[in-house]
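Chains as they are written, first to last, in the working numbering: chain X, 101 to 483; chain G, 72 to 210.
Among these hints, one or two may not hold up.
Claimed, not checked - Using 30 Å as the maximum straight-line C-alpha spacing, the simulated DSSO-like pairs for lysine-lysine come out as follows:
no., chain 1, residue 1, chain 2, residue 2
1, G, Lys139, G, Lys98
2, X, Lys394, G, Lys139
3, X, Lys199, G, Lys108
4, G, Lys139, G, Lys118
5, G, Lys210, X, Lys219
6, X, Lys394, X, Lys457
7, G, Lys118, G, Lys108
8, G, Lys98, G, Lys118
9, X, Lys210, X, Lys280
10, X, Lys395, X, Lys106
11, G, Lys98, G, Lys108
12, X, Lys395, G, Lys108
13, G, Lys139, G, Lys108
14, X, Lys106, X, Lys199
15, X, Lys219, G, Lys118
Everything labelled a hint here was simulated from the structure, so no lab data went into it.
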Amino acid sequence: MSIRGKAHIAGVYEHPARDLPDHSVQQIHAECAIGALADAGLSVRDVDGFFSTGQLGFGGVSLTEYLGLNPSYIDGTFTGGSSYLAHVGHAAAAIAAGKCRVALITQGAKVRGVIRGAKHTADTPEFPFETVYGETNAGIYALAARRHMHEFGTTAEQLAAVKVAASEYAQFNPHALLRKRVTVEDVVNSPMIADPLHRLDCCVVTDGGGAIVVVSPEIARSLNRPLVSVLGHAEAIKHSGLGPNDLTSTGATASAPRALAEAGVALSDIDYASIYDSFTITVIMTLEDLGFCKKGQGGAFVASGALGLDGVIPVNTDGGGLCNNHPGYQGGLVKIVEAVRQLRGEATPQTQVRDCKLAIAHGTGGGMLRQASVSLVLGRSDA
Amino acid sequence: MVDIKTRLPTPEPFISPETRPFWTAAKQGRLDLPFCKSCNHPIWYPKAFCGACGSLDVEWRQVSGEGKIYSYTQVHRGEGPYRDVENYVLALVDIDEGARVLTNIVDADPASLTIGQRVRVVFHEAGDAAALPRFVPAK
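All chains should be modelled from the sequences, with the hints used to inform the complete structure.
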C-alpha cells in the first residue's frame, strides 16, 4: 500500500507578516486556515480532518473549538520544525484510509522579541543533562559544523555560500524578512554566535505561520485549482538511544530513499528542493544525505552555485528560513508552501523553476543530538 | 589563563528518583553511569532502561572520567542561566567507556582546543544535591 496519488494538496497559505505583536497565536492559526481554504475554494465547514502540533492549549482540541471544526480525524504530531511535513504524510494516509476527505493543517507562532529562558526540564528526560551546560540550538549545530569541517574539510566560506544563495532568491520575495543580497564576506564577517557559525549562518526568527489543505482525489477533481499530488512521504528519527549519535549526518539518509521509493521517482528526476535551513550547515548535510552530492562534498557543492535557478538543484527559492521566514522556530510548513508554489508555477517570476514537475520538501526537526527527519515528494498532476 | 570555572553558572539540575544516583555520585566526586546488566551497554543520558537491548535491568558503575573531545564550540549567545555569560565552551566528549556526553570544557584557552584532545572530568557543585560534571584538558 502506498499513498502515491491518494491525496492532493489543494490549498496553501503563508502568512505574509513576520512580526505580529497584536495577534494572538490562535488568530494567526485562524487567518492561515482561512487563507489556505480560500486558496482551495473550500470553507471551514468542509474540513473533517485537523492537524496541528498540539502545542497551543489542550492539544489540537482547543483549536478545533476556536475554528469551529467538527473533525472525524485529529492528529497532534509534534516533531519540531518537521512536524508539518509529517502532517501532510499523515493526512494523505488518513485520506487513503477513508478517515477524512478534507484535512486542514495549521501553524501559528509568536516568538519575536521573546527572550528565551530556561527550558522546562522536568517533563523532558534528556534536558537535565544538557540545559545545565548552556545548550542552545546554534551551539548544537555549531558542534555539527565543526565536526563536519574536521572530517571533510568544509570551510566557513562554503557554509556562507548557502546563505548567499538564499539571499539571491530572497531579494525577489516582497514578504521576506531579509531581502538584502549578501556576500560570503558579509557572512564570515558577521558576529560569531557559536563558532564556526556566524549570525548570518543562522535562520531568522519570525512570528506568523501558514496552513495547508490536503484533499481526497474526488474533492480535488471538484476544485478549480492546479493540483499537487502527494507522491511519497517518509520519516526517520535519529538519536543516541542506541549509542553515540554522529553529528555529521541527518535522518535524511533513511527518510529520503523511502519517500522516493514510495513516489516511484529517482532523485535525479527532482526539479526543485525545499530543504530545512535552520543553519547553513543543516543544508549542506541534508544535500549530502538526500544524495544530491557525495557525503562530505556538500561544501564544495553549494560553493559551486548548485542551489541557484540554473544550478544542479534550485533550493529554497523563497529565501528559506535563512532569509524569508521561520515562524516559531519551525520552518517545515513554509517549505511545503514554496514547493507547492513551484509545482503550480506560482513562484515569484524571477525564481520560478522552468517546467517544475517534481519537488522534494525535507524537514529536520529537533537538533543534532536528536532529530525527526521527514521527506515529502510532491508532483504536478501530470508528473 | 582566564578562570572560566568561577564565572560559569552552575544551575541546579532537575533530579528525579530515576536519575538521583548520577547527581549524588557527581556531588561525591564520582562519574557514575548506568550500564545494562544484560548487554553491558553504557547508557547515556542516564536512565533506568537500556535502549540497546530493551532491558530494564541496569546498574550504576563508576567510570574513569577520562575521554576525548568529539566536537566543541565557543558559544557567544547564551540563553537562560547563561544569558549573561560572555562566552563559554560547549562540547561533546567521548568518555572512554563509550558514552558521548554534552558538557563544558573549562580552565582552557578555547583557541587551544582540538577535536580528539584528551580531557578529564571535574565537578562543579550545583545546589545541595548535585554537581555538574565538566571537563578540563588532561595533563
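Tested hints:
Between Lys139 (chain G) and Lys98 (chain G), the direct Cα distance comes to roughly 23 Å. Compliance with the 30 Å bound is thereby established for this hinted pair. The hinted pair formed by Lys394 (chain X) and Lys139 (chain G) meets the criterion: a straight-line CA distance of about 28 Å does not exceed 30 Å. Restraint check: the Cα-Cα separation between Lys199 (chain X) and Lys108 (chain G) comes to about 45 Å, which exceeds 30 Å; the hinted pair is violated. Between Lys139 (chain G) and Lys118 (chain G), the direct Cα distance comes to roughly 23 Å. Compliance with the 30 Å bound is thereby established for this hinted pair.
For the given pair, Lys210 (chain G) sits about 35 Å from Lys219 (chain X) by alpha-carbon distance, which is inconsistent with the 30 Å threshold. As the CA atoms of Lys394 (chain X) and Lys457 (chain X) are separated by approximately 25 Å, the hinted pair is consistent with the 30 Å bound. At roughly 13 Å between alpha-carbon atoms, Lys118 (chain G) and Lys108 (chain G) fall within 30 Å of each other, so this suggested pair holds. Between the alpha carbons of Lys98 (chain G) and Lys118 (chain G) the distance comes to roughly 18 Å, so the proposed pair stays at or under 30 Å and holds.
A C-alpha spacing of about 24 Å is found between Lys210 (chain X) and Lys280 (chain X), which places the hinted pair at or below 30 Å, so the restraint holds. Taking the CA atoms of Lys395 (chain X) and Lys106 (chain X), the gap is about 34 Å. The hint is violated against a cut of 30 Å. A hinted pair counts as satisfied when its Cα atoms are at most 30 Å apart, and Lys98 (chain G) with Lys108 (chain G) qualifies at roughly 25 Å. For the suggested pair Lys395 (chain X) and Lys108 (chain G), the alpha carbons sit about 37 Å apart, so the restraint of at most 30 Å is broken.
About 26 Å separates the Cα atoms of Lys139 (chain G) and Lys108 (chain G), which keeps this hinted pair within 30 Å; it holds. The straight-line distance between the Cα atoms of Lys106 (chain X) and Lys199 (chain X) is roughly 12 Å, inside the 30 Å bound, and the hint therefore holds. Of the pairs offered as hints, the one joining Lys219 (chain X) and Lys118 (chain G) holds, with about 20 Å between alpha carbons and a cut-off of 30 Å not exceeded.
Violated hints, listed in ascending order, are 3, 5, 10, 12; each of the other numbered hints is respected by the structure.
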